[in-house]
Amino acid sequence: MRASKPLQIYITNNLVMNSAQIEIQLIASLVAVACAIPGTFLVLRKMAMISDAISHSILPGVVIGFFITHNLNSPLLILLAAFTGIITVVLVEYIQKTKLVKEDTAIGLVFPALFSIGVILIAKNANDVHLDIDAVLLGELAFAPFDRLVVFGVDMGPKSLYIIGSILLITITLVITFFKELKVSTFDKGLASSLGFSPVIIHYGLMSVSSVTTVGAFDAVGAILVVALMIAPAATAYLLTTNLKKMLVLAVVIGVSSAISGYWLAHWLDASIAGSMTTVLGLIFLFVYLFAPTKGVIAVMYRERQQQTEVSLLTFLLHLKNHTDNNERHINHLREHINWQKVTATRVLNLALKNNMITIDMNIISLTKKGDLFTSKAIDYIITNEDSQIEDMKDDFFLFRG
Amino acid sequence: MNKKIAVKVDDLTVAYNYKPVLWDIDLEIPEGVLMAIVGPNGAGKSTLIKSILGILKPIAGSISIYGKPYIKQRKLVAYVPQKGSVDWDFPTTALDVVLMGTYGSLGWIKRPRQKEKKAALEALEKVGMLSLKNRQISQLSGGQQQRIFLARALVQNASIYFMDEPFQGVDATTEIAIINILKELRKAGKTVIVVHHDLQTVPEYFDWVTFLNVKKIATGPVKDIFNDENLTKTYGINYKVSIQE
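So the sequences go chain by chain: U and R.
Under the numbering used here, the residues of the first sequence are numbered 5 to 406, in order.
Under the numbering used here, the residues of the second sequence are numbered 321 to 565, in order.
By construction, these hints were calculated from the structure, which means they are not laboratory data.
Among these hints, one or two may not hold up.
[As the list claims (entries may be wrong)] Computed cross-link-like contacts, BS3-like style, restricted to lysine-lysine with a CA-CA straight-line distance of at most 30 Å: (1) U:LYS50 <-> R:LYS339; (2) U:LYS193 <-> R:LYS377; (3) R:LYS430 <-> U:LYS250.
[As the list claims (entries may be wrong)] Which chain U residues stay away from chain R? Per the calculated CB distances, all over 10 Å, these: (4) PHE87; (5) LEU113; (6) LEU153; (7) VAL158; (8) ASP159.
Don't be surprised by glycine CBs; every beta carbon is placed ideally from N, CA and C.
For reference, chain R alone in the conformation it holds in the complex (with noise of 0.2 Å):
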């Protein structure tokens, strides 16, 4: 493969209490990819996440965006963490939770300006929101609250874009917005990845796909991989998907 690579894992392992939910991990996402994490509950993806992120410390192993440490290409990278991680009755508006994804080019102590605000708004209108910039971040139903946080990613401008789970929660029409804008940041030559439940959707929304349990199972492209043999050792019961064609 001539692709550069994107995110690159080695031996990666992390443990809660000594337990390990992650396991001597290898793991290298090409440029440009489309990818989906999918694996039972427990299997380590959204910790995998955070740990390439550096907010989960790993007991051993480095990880590497584009062949340096996280902490100094920071400014390539957007995360969309679980909707449900924050609390969304915060005193904030919608327009405020997007302006945040501009802190980080922003750095400690300087103020967003007007230039942040209209990348910001741009970002809104893009996901379909720019009428409701001024509602309280409590009044907006899931699928708003989960755009404006996609609204946020998108206002980074980065190369690379992690999500956790972001179809949780939505109503149908957000899931095909968002998958639009997926592909069309894949387009752009972006690396997107997804934490990803539904695995009906893994053939028709990915191009790319890692299996994970606790151990990496698989990693590649879709028409590849994503098999009945994979699902069955991920999800260790005998799985047949009839969705492929």
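Extracted from the complex, chain U is given alone in its bound form (with noise of 0.2 Å):
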């Protein structure tokens, strides 16, 4: 499966190909918003897996579809695969509530037994009809301007474009009407029953919104990359932000670009377009996984590292406070009797200067009025747990941000 080839057929007329270019990339770009929405709740939902779940068990809706209308692309099919997309949740949930079995171990026994259902109907039916599984599992993007919407001998453009525009109109419609019932009950499913809003509805319903976008993107690029493209771009836009929408736009966008780069990492080096897409969706998660501002590894690490300098420096703090005779005081004392090693003794001591909380005067330390202060409130803190005399100290200090 290589992009090269329907695209050098193209390069013979170079008009085509720069629509066939611009058509690929818009119908990638589409696919991308489109999974990055129901995503972006799936992962705050928790239920990730689940979309792995839909992504596979589609095949033998997509199979009886074909069989039916012999037309990967008609929306009878779309709504057949659905449909078994809607069956899988409901038959994990049943599974689960059984509690004979945990979720995972439910979800992992339903699709498989869904997929392999329409892996034997495509085998059992291979002569007959133009449908593979690889197909189905890697779909094949730059086959896609290929098949063309024709109306009264007027060419429209590529069929999926029709279709997954189709699918995004109605994910962003119902996104936008129903974004506060979305939040309650993803957030509080408790509040959302006891205010009327049914989170068995609006389950449903973002069960039915994924399986639609599923099968509707699973022609562009495979049941599989489908997964890659609703979980990552809400995964990275989650490590970003603390805004729902904000991490909803974020997602659109980290989906699009991804969507896009990877089209030109695929034409540069030649490889599949979706492999390439969720190659790059994956460095872009790794990136901000290690960079983001306050979720990433490094952030993490840095405050970390910060805390236990604090707890340190509220210990020495703390030491000077409790001895008043000089030679407890003295700058060589402090690291024999508290054991420290001299890189922490050094950063805590800068710490506390910087802070005007000691001052040093011939190798004795003394609290300033500043730091006798911010000891005993810190102690006060340790001991009482209570939060609003802090708020203040918040800003300065890691150690009191919970």
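Make the complex out of the two chains shown on their own, each in a separate frame, by following the hints.
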């Protein structure tokens, strides 16, 4: 499966090649947006695995739909396949409700069963129909411009553009209309239910949208990579923001930029477009995972180190507060007595000096008024665990940010 | 008693997988009381509240709020779930969580506007959280999180408040702040029902109490029924309350 072959055909005609490239990128972007929106809610609901299940178990729906319609782009096929997606969710929940197995086990039981039905159906009828498992699993974006919508003899563009476009339109309308309901039922099911927003209806609404999107997108990017487009942009956005609307927008932006840069990566590497898109998604996630300003690994490590220093600082200040005689407050004593390494000791001293909490006079350390007050307040907080007084300290110190 | 009945529970039985967690409960909660529901772990305290609110479906029995089913009286009721029942890493702010309290009166589709936002800010002020309105909820302490949950219930401006362990994992100041607000609600004629764990504070905080352990043991004014006999019946061990007087 290589992207270059259909493109090479187009190269004979520059004009067509350009429009095919634009069409592919447009379809890829629409797929990315359509996936990122339900994906955001799946990630927040800790249901990422269910998208994996749906993406596989739609196969029998696709196959049966194909037998009936002989057209991978038929709306009937999309509905049938999406319906298998819903069946997956219902079955998983049913098995889980018996409490005989856990949710992940239930997912692991249901989707391979449905998927294998699809595989057998294809194998039994392989000679009669043009449908192979590779196409369903991996899709091929590069072929998308071949299947065109022709109305009254006029070429209206690739069919898949219209399919994914309609799905996206429905998704956006639903999310904007029911944003508040989606938010409250995702955050607090109990409250949603008591306010009269049935979490069951919202849950199945979201599952239906996810299923329809998966079916609409599998043709372009394949059933497996749909999962990446749903989960990776949302998971990346989650690390970057603390606002649901921004998370949705960021997921969309990340999805679209991965789609477009993935396309050009594929072009450059002469490789699968869907594979390249997913690779870019993975790389973006990795980058954000490491460097995200507050939730990234490096930021967390820095914060933990800071907190450690601050705990040391507090220990040190407390020591000064409790000991008034000079030899207990001598700079060398600090190292011997509190048993710190030189580096730690220097760091703590510098931090205390920077914050004007101590003064050093002839190697004897004294608490300043500020340092004294800080120590009392901090100890007070640690003992009573009251938070109102130390709000102003949170800005300067990680330690008090919970 | 000539007081109106705010909540009436008749023959309520709730089961998880055919194992009853609440067994034939009859309960009348008069209007204007501040009531504690006490009982050991697994007594069905949260289940009782969730069943009254229609979150759980009972296998038998009926529930009415001021004489009508819950579905028709939804706007009269506010609910504060257990703090641990939600994901505090959810990307949202304190103000936004409080705004969720207004969603019920808005109904489907309609968005909160200036009026709702104003009400939410007032509720935040009442619980002393106004200065933290834009703080991401994971950055709040346990006590602060509980306060915004309370603010979210206040903004609903309900007649009956159900709270599931509002004092769990909060600091002493917050506990006092919360109980003062609950007492104010009672003064304003509201009915407040609280799942409560700390038996020591029952006489100080509440005027009404229900003992629950799968079955209802007793219900009534704290001064009449909060005694060793009922505690022993509920908790199964020989209970002595040294706290009364």
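Okay, the hints, checked on the actual structure:
no. : hint                  : in the structure
1   : U:LYS50 <-> R:LYS339  : holds (29 Å)
2   : U:LYS193 <-> R:LYS377 : holds (15 Å)
3   : R:LYS430 <-> U:LYS250 : holds (21 Å)
4   : PHE87                 : holds (25 Å)
5   : LEU113                : holds (20 Å)
6   : LEU153                : holds (33 Å)
7   : VAL158                : holds (38 Å)
8   : ASP159                : holds (39 Å)
Violation of the numbered hints given earlier is absent; every hint is satisfied by the structure.
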